[in-house]
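Build the complex from these two chains, which are given one at a time in their own frames, with help from the hints.
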Amino acid sequence: MIVDAHCHLGSVEAFYVPSTATEEMLALMDSLGIDIAVQMHVAAIMECFEIAYEASVAAYEQSAHRLPFALTYHPRYPEDSLEFIAKSLGRPGGVGIKIHPGQHQTFPEDPAYEAAWRLADKQGVPIITHSWALSDYNPTQRFATPEHFEHYVASFPQVNLVLAHAGGRYEGHLAAVRLAQDYENVYLDLSGDAYSFGLIEWLVAQVGADRILFGSDISWVDPRTHLGRVLDADITLDEKALILGQNACRLFHLSS
Amino acid sequence: MIERISSLMDDYRQTRAMLRFLDANLWIGRPRNPEFASGFDIATLRQRMERYNIYGGLVSHFGALAYGAGWANEELLKAIEGTGLWACITLLPEMFWHEAAGESYLAEMIKRGTRAARVFPATHNFSLRAWCSGALLEALAAHCIPLVLWHTETSWEEIRSLCQAYPQLPIIVEGTPRKILYYSRFYYPLLEQCSNLYLELHNLVAYLGIEDLVSRFGAQRLVFGSFMPVCDPNATLMQVTHARISQEDKMLVARENLAQLIAGVKQP
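For the protein sequence lines, the chains are H and X, in the order given.
For the first sequence, this note's numbering assigns the number 10 to the initial residue and increments by one for each residue that follows.
For the second sequence, this note's numbering assigns the number -15 to the initial residue and increments by one for each residue that follows.
For reference, chain X alone in the conformation it holds in the complex (with noise of 0.2 angstroms):
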């Protein structure tokens, strides 16, 4: 037994190696509930990069939730800065109520290292919709800078109107913090539906899930992220290393198509 395991644990942790993941869904500042976890610095963030192969990826701030948008999104740059991570910083409306100062910003955050963007419609009470989001959306949007979304944020409905209000525009849904298997009869006809609509996969964790996915839509429509350090990393790393798919695809979901929709940030 302790032979057998001790096979299965080096044959993930060299595939995991192997793999090189980027990691979509990483954070640093206070979660609400740390749980069992401590530690919410960039420096134990790239600690426990190492320990989990994860090679980079995009840092958020809970700050940004819970505290202030601004704030955070300024410490979130000052912590990455020289380590290699981008920052997904947090939007809100009134940052673009005056379009030259929200470009303006934009293109300041772009510069220091930001290649995503995070909003919290529901806790931030704003609604996503043109008259209320336009200018903030139409800016992500001419810089396709991709949108990351909790589905607990908004609707369904809401996410299809945006998709195809943007074409342009990636928009990653991630399943926090409920997982966002019972919601399959939603996302499935809107990975069909819109070609810029992604997930994101550290709640994505339905029984077979990848390789139906996958089967389904290909595999570039898979963002690697572990919500670390809320969420254990191997939950979602072991999806991918072990995924019935091809080395390929394993590839693409690992670090692939996280990569080129940072490369895709169009430079101020």
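Isolated chain H, as found in the complex (with noise of 0.2 angstroms):
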């Protein structure tokens, strides 16, 4: 199967985005021939926890399972959030955990994390996670950069941690990839705008393509240019395999 780990249901609206119906999304998938993507409803990342979960759970339906979810653990909400990550790990389409300490403004390494750590520990579930590099002119990706997620990587080895768009700029990817070689339980998803040449081929070398993923970033981002640079990196068909889904059907538990 041809997995993108990395999308999202739900309302844009910093920007015009030409759709976010499933259906659209759906489609653009069976052209490409992406099976399954799992996608992090914006809803919940903007504190709106209740139509996250029942958006999230209406397009698993309405997709035929094409679209399992990670709903977003909210530190500055932490029960109200945990209600509904909590309801849907124990319901088919729940997958994950997702947090943006970017957007949330809030360390990685802040202890209102640790219930969600400790849900994913409980529930087998991977935690996936905003990451970048600092910014100049984007100050709230300190919070996100791959350093700071050490102190729960090392704490709960047995939970996955997928550092999303890989640390998204250089410095964020050499980070990522440090962290990656530290510790055996973290991942990184190549979704969003990082489409320096060559990274791909280099992820793979420093980190091994068994802990890499195809992602996109729908609907910011087309998955078309994700999807060929894979398809056209200098790697082996093997290795093409593991990021285009292997490692997303092993990690989420996904399967035909």
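Keep in mind that the hints were calculated from the coordinates and are not lab data.
The beta carbon of each residue, even a glycine, is placed where N, CA and C say it ideally should be.
Just so you know, not all the hints are guaranteed correct.
[As the list claims (entries may be wrong)] These stretches of chain X come out as covered by chain H in the derived footprint (C-beta under 8 angstroms, 3 or more residues):
(1) 7 to 20
(2) 40 to 46
(3) 151 to 165
(4) 188 to 195
(5) 219 to 225
[Unchecked claim] Here chain H is said to cover these stretches of chain X; the calculated rule only asks that three of the stretch's residues, wherever they fall, bring their Cβ under 8 angstroms from a Cβ of chain H:
(6) 103 to 114
(7) 168 to 175
Have a look at this one:
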């Protein structure tokens, strides 16, 4: 199966997006041969946990189980967000927990995140987090640089952490790789707009293809920008198979 | 799984080869941060173009951005000589302070293979308004030489003013170094209002963006560019090869729009 490990449904208000419809997403996936997309509903990142839960369950059913989901844990609303995450992990389709330290402006080592790690440990699901490099035009990225995740990664070695965007920019890529080299429970996804020449080949050489995930960031970023890079990368076919689906199937316990 | 991936790879590579891409955003010279890339000379660039089925295009020189435009333009023209590639030179206002000298410089550049020009008003500290860059812009407009701009080097208000002040001047906006999708509420109305505005694709990575833009404004307004060797060209190539638009529109985006802009440059 080809799995896009990083997508979003839900409204995006910060800029105009051509479509946020589930049907459109499925149609594009069909045209590209993508079987499954793990989606993290925007509403849960933006404090609307109920909407995210209901819409995610609906999309999972509407898609004939092609859109499993990870709801977002919010460190400033721990109880509210956990209530719906726990519900989601108790039913088909719930496959992980998302955190977004940048959006929520809470450093990843903050004690407020411990509840999410404990639940992930208990349920045997991965945590997917936004990760990036320091940015001169987006200061909130300082909350999500990879080294900040070490505390919980080390404390919960049995919980897998996906550093989405693999650190986002060059310095973030270096830090993400360092963390992945030090901890076997760290995975990297390719989503977002990190298109550096040679990045995929470098990540594979540094970390190994068995901990890299194809992901897009729909409905921000188009999946074709990532699929083409993996398909044409100078790596082996077996490594492409791991990145394009086998790793995600193993990590999220997905099956056809 | 392996067979399926092989089949997807073959389909992608065959479609890519068939479209015979022309690239508006190729570079030589050392970028400020090479990241994971190496090899910034014209020979390496040409090898990579072949590898990715890019058949030609406009080449720029990083030295113009960081060190010296005049020097880099000369290096660029020497590098592309005999390659079939075109130059995208970098201009500064003072090159046109003496109007005749500016005109003469531009004429020489065109004769030697220049088919587009860049300006970096933020990095090089100048205004694109007529009081500062009027002679430069008038000269470009007179020769219909496409002007290439990074959106981070100016403002959308400024781009609008430029498009309106020089309607015969093709203006290509690139999403360097930040992706352009966050500015969709700027460039959608501008594409509607300014027929001389084009968007380059390497960082126009919006989900379903190509389909939506083509359906609203036509395929004529998009120009393929890779920003190689800084960026992986596959990020842009597959957006075009697998766009859900007509084959005719794909050809426009992949090569014809740029080919027409290049052909439209008036010889001195």
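Now the hints, each set against the structure:
1. 7 to 20: holds (count 3)
2. 40 to 46: With 0 residues closer than 8 angstroms to chain H, the segment 40 to 46 of chain X misses the three-residue bar; violated.
3. 151 to 165: holds (count 3)
4. 188 to 195: With 7 residues closer than 8 angstroms to chain H, the segment 188 to 195 of chain X meets the three-residue bar; holds.
5. 219 to 225: Since three or more residues must qualify, the claim that chain H covers the segment 219 to 225 of chain X holds, with 6 doing so at under 8 angstroms.
6. 103 to 114: violated (count 0)
7. 168 to 175: holds (count 3)
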